[in-house]
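There are 2 protein chains.
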Amino acid sequence: MSTDSLRRSRDVPGLVAQAREGDPRAVARLVTLVENGDPCLPELAAALTPYTGQAQIIGITGSPGVGKSTTTNEMVRIYRAEGRRVGVLAVDPSSPFTGGSILGDRVRMQDHATDPGVYIRSMSSRGHLGGLAAATPQAVRVLEGAGCDVVLVETVGVGQAEVEVASLADTTLVLLAPGMGDAIQAVKAGILEIADVFVVNKADRDGVEATYRDIQGMLALGERGPGEWRPKVVRSVASRGEGIDDIITAIAKHRAWLSEHGQLQLRREHRAAVEVEELALGTLRARIGSLRQGSALPTLAAEVAAGRLDPYAAAARLLASLDQVDGDGG
Amino acid sequence: MSTDSLRRSRDVPGLVAQAREGDPRAVARLVTLVENGDPCLPELAAALTPYTGQAQIIGITGSPGVGKSTTTNEMVRIYRAEGRRVGVLAVDPSSPFTGGSILGDRVRMQDHATDPGVYIRSMSSRGHLGGLAAATPQAVRVLEGAGCDVVLVETVGVGQAEVEVASLADTTLVLLAPGMGDAIQAVKAGILEIADVFVVNKADRDGVEATYRDIQGMLALGERGPGEWRPKVVRSVASRGEGIDDIITAIAKHRAWLSEHGQLQLRREHRAAVEVEELALGTLRARIGSLRQGSALPTLAAEVAAGRLDPYAAAARLLASLDQVDGDGG
Chain A
191 MSTDSLRRSR DVPGLVAQAR EGDPRAVARL VTLVENGDPC LPELAAALTP
241 YTGQAQIIGI TGSPGVGKST TTNEMVRIYR AEGRRVGVLA VDPSSPFTGG
291 SILGDRVRMQ DHATDPGVYI RSMSSRGHLG GLAAATPQAV RVLEGAGCDV
341 VLVETVGVGQ AEVEVASLAD TTLVLLAPGM GDAIQAVKAG ILEIADVFVV
391 NKADRDGVEA TYRDIQGMLA LGERGPGEWR PKVVRSVASR GEGIDDIITA
441 IAKHRAWLSE HGQLQLRREH RAAVEVEELA LGTLRARIGS LRQGSALPTL
491 AAEVAAGRLD PYAAAARLLA SLDQVDGDGG
Chain B
191 MSTDSLRRSR DVPGLVAQAR EGDPRAVARL VTLVENGDPC LPELAAALTP
241 YTGQAQIIGI TGSPGVGKST TTNEMVRIYR AEGRRVGVLA VDPSSPFTGG
291 SILGDRVRMQ DHATDPGVYI RSMSSRGHLG GLAAATPQAV RVLEGAGCDV
341 VLVETVGVGQ AEVEVASLAD TTLVLLAPGM GDAIQAVKAG ILEIADVFVV
391 NKADRDGVEA TYRDIQGMLA LGERGPGEWR PKVVRSVASR GEGIDDIITA
441 IAKHRAWLSE HGQLQLRREH RAAVEVEELA LGTLRARIGS LRQGSALPTL
491 AAEVAAGRLD PYAAAARLLA SLDQVDGDGG
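Line by line, the protein sequences are chains A and B. Under this note's numbering, think of the first position of the first sequence as 191, with each following residue one higher. Under this note's numbering, think of the first position of the second sequence as 191, with each following residue one higher.
Just so you know, not all the hints are guaranteed correct.
To be clear about the criterion: a stretch of chain A counts as covered by chain B if any three or more of its residues have a C-beta under 8 angstroms from a C-beta of chain B, and this derived list gives those stretches [unchecked claim]:
#, segment
1, 203–211
2, 495–505
Label pairs and their computed distance ranges (CB to CB) [unchecked claim]:
#, chain 1, residue 1, chain 2, residue 2, range
3, B, R445, A, R477, 31 to 41 angstroms
4, A, P214, B, D435, 51 to 61 angstroms
5, A, G497, B, S429, 53 to 63 angstroms
6, A, A476, B, D394, 14 to 24 angstroms
7, B, E418, A, P214, 36 to 46 angstroms
8, A, S195, B, L409, 52 to 62 angstroms
9, A, P214, B, R420, 37 to 47 angstroms
Simulated from the structure, these hints should not be mistaken for laboratory data. We put the CB at the ideal spot given by N, CA and C, even for glycine.
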C-alpha cells in the first residue's frame, strides 16, 4: 500500500497484518484510528485480541517539567539494550477546547527515531468514545499487536485524568523533582497512592534531600498491610543517564512482586473493567449528545441559567427524553 | 439547632433558611451534602434556585506551588474592603483512591477565619453523581444562597478535570510562576485557552521576564477574531500583597467586556448545559454501577483480561443487560 493511501486506510485486517510485520506507518495509522474514535474500532479490537495481553505496561506520570520525557528516553535505551521491543505512548489529555496534542517534547526522543524496535507516539482522545481511560488500553493493544514487549505510557500533567491513565499500568512511576513544590502538593495531586516507584529526578539539584525525606516520611505515614507493596524510592539525573538502571531494577522488582502475589491478574481485570465501563458510558454519552442536537439540552440549560429550573430537575427531564428515544426504537 | 444535630441535619428548608441568615455552620453542612452527593440534593437545588444566578464567579487555577492560595487570600482582602461578601471554594479533585481532601493550604487563609463576610471551604466530589463538573456549580449556589456576591473557585492542579472546573467561571485566572516549567508546559496542560487573565506570580524571582515574554508570545500566536477577548497578563508578588489590585482590575475589565458583548449569558448557559449533562451522565453511571453489583461487569472484565473477548463487545453486552434492566421496569 502506498503511504498516502495507507494514511487514509480503514482496512482493519490489512493494517493489522502490516503492523504485525513491523510497518511503523500501519502502527501509526491504527493509533490515529484509536485517537479519533473511528467507527472501525470494535472491529480493530476484535482483530487484535489474539495478539495481546502479554506486554509489560509501565505508567510514568508527574508534574510538568520534572523530566518525564528525558527519563522515558533513557529507559527505552536500557530496554532496547536488553533486546526488548519498546512502545512509548505519550498520552495528552489535551485542551478541552481544541483537542490539540502538543508534540514539543517528542523531539527529545529522536535518539530512537530510526530504531525499528521502538514505536513512539503521542495520543490525545479527542474523538474516542470512552475518553482516555478507554483509548489508552486500546492504543497499548495496537503497540502490543505490533510486537512490543514493553509499553511505556507517559502522561502529561498531574490531574485526575492523568492519574487514572497512569494507574492502568502494571507498574506506575511517579516522577518528582526538587523545588517543584513540596510533599503536600504531591499528595494533593493524588499521586501518592498510585505510585509503585517514586523517582526523584534532577537529583543533582538543591533540595533533593528534602524531597527524598518528604517522600519517605509520607510513605512511613501511610498504613500498609503485610501483604502490600511498599513503593520504592529511586534518585536519578535523567539528563546525564544516571540512576536509570535503578529505576529499571525497581520496576522489575515490582513486577516480580505482582506475579508472586497474584496481583498482576487482579490489576489487569480491574483495568479491563474500567475500560469496558468507560466504553459503555461513552455510548450513553453519545446518546445524550444526539439529544443535544435535538435541542432538549440547550433549552433546559437556558431555563437553568435563567433561574427558572434547577439542574437536577433539568437532568431528570433530559433522561426522560432519552428513555423516550430508546423506547421509540433508538 | 445544636451544632451537633446541625452537623447531621438533612432538613433542607431549615438549613437553607439558616444559611440565608448567615449561619456559617449551615453553609458548611450544605456544602458537605453537595460534596457527598446526598440524596437530598435535588430538593436543595430547587430550594436555592430563587436566590441564585447573580454572583460573580471567578476561577483560579495553575500548577501546584504557584501561589494560588496566597493570591486568593489577598483577593479576598480587597473584595472585603469593597464591602462585598466573598465565598471561597477550594476544589480538590482528590485522590481517586481515598477521596480524601487535603486541607493543608487552608491555614494560609486564617486571616479571614473570623470575618463573617467570608466563607471558605475545601470540597472534593467523592460521592457526587456528576463529579466536580456538577458538584462545583451546586456548591457555588450554596454560597450564593448564603449571600456571597463574589465566589472564588480555586482548583488544585492543572489536569483536565481542574481546567473544566475553572472554565465554569465567569472569569478564569491562570497563575504561573517563573521557573515552574516553560511556556510549552502551560500549553500542554491545556490552560492557555481557558485563561481570561494570566497572573505571573512570584514576580520578584529570576526568570519573570522570560515567563512574561513567553505568555505574550503565545498570545500573539493565538488567532483571535475582532470580537474576542485578549487575555490580560498581570504580575504579582502575592506573598507581599503586590499586584493584587491589578488582578482585581483585570477581572473587572473582563467582566465588563463579557456584559457588553452578550458573553456573560452565553457562558452561563454553557455552564448550565455542562452541569445538567454531567448530572444526567452521573445517573446513567449509577445505573451501570448497579449492574456491577449484579456481577455482569466483573465477569465481562475477566473475559477481556484473559483475551477471550474484546472490550467493545464486552461494553455492548453490558449495555444490552442495562437496557434489559430498564425494560424490566428499572
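Going through the hints against the structure:
1. Counting residues of the segment 203–211 of chain A whose C-beta lies closer than 8 angstroms to any C-beta of chain B gives 0; at least three are required, and the coverage claim is violated.
2. With 11 residues carrying a beta carbon less than 8 angstroms from a beta carbon of chain B, the segment 495–505 of chain A meets the three-residue requirement, and the given coverage holds.
3. Range check, R445 (chain B) to R477 (chain A): Cβ separation about 37 angstroms, and the 31 to 41 angstroms hint holds.
4. The given range of 51 to 61 angstroms is respected by P214 (chain A) and D435 (chain B), whose C-beta atoms sit roughly 55 angstroms from each other.
5. The hinted window of 53 to 63 angstroms between G497 (chain A) and S429 (chain B) is violated, with their beta carbons roughly 39 angstroms apart.
6. At roughly 50 angstroms, the beta-carbon separation of A476 (chain A) and D394 (chain B) lies outside the given 14 to 24 angstroms, and the hint is violated.
7. The beta-carbon spacing between E418 (chain B) and P214 (chain A), approximately 40 angstroms, falls within the hinted interval of 36 to 46 angstroms.
8. A hinted range of 52 to 62 angstroms is violated for the C-beta pair S195 (chain A) and L409 (chain B), which are about 40 angstroms apart.
9. Taking the beta carbon of each, P214 (chain A) and R420 (chain B) are about 42 angstroms apart, inside 37 to 47 angstroms as hinted.
Of the numbered hints stated above, those contradicted by the structure are hints 1, 5, 6 and 8, listed in ascending order.
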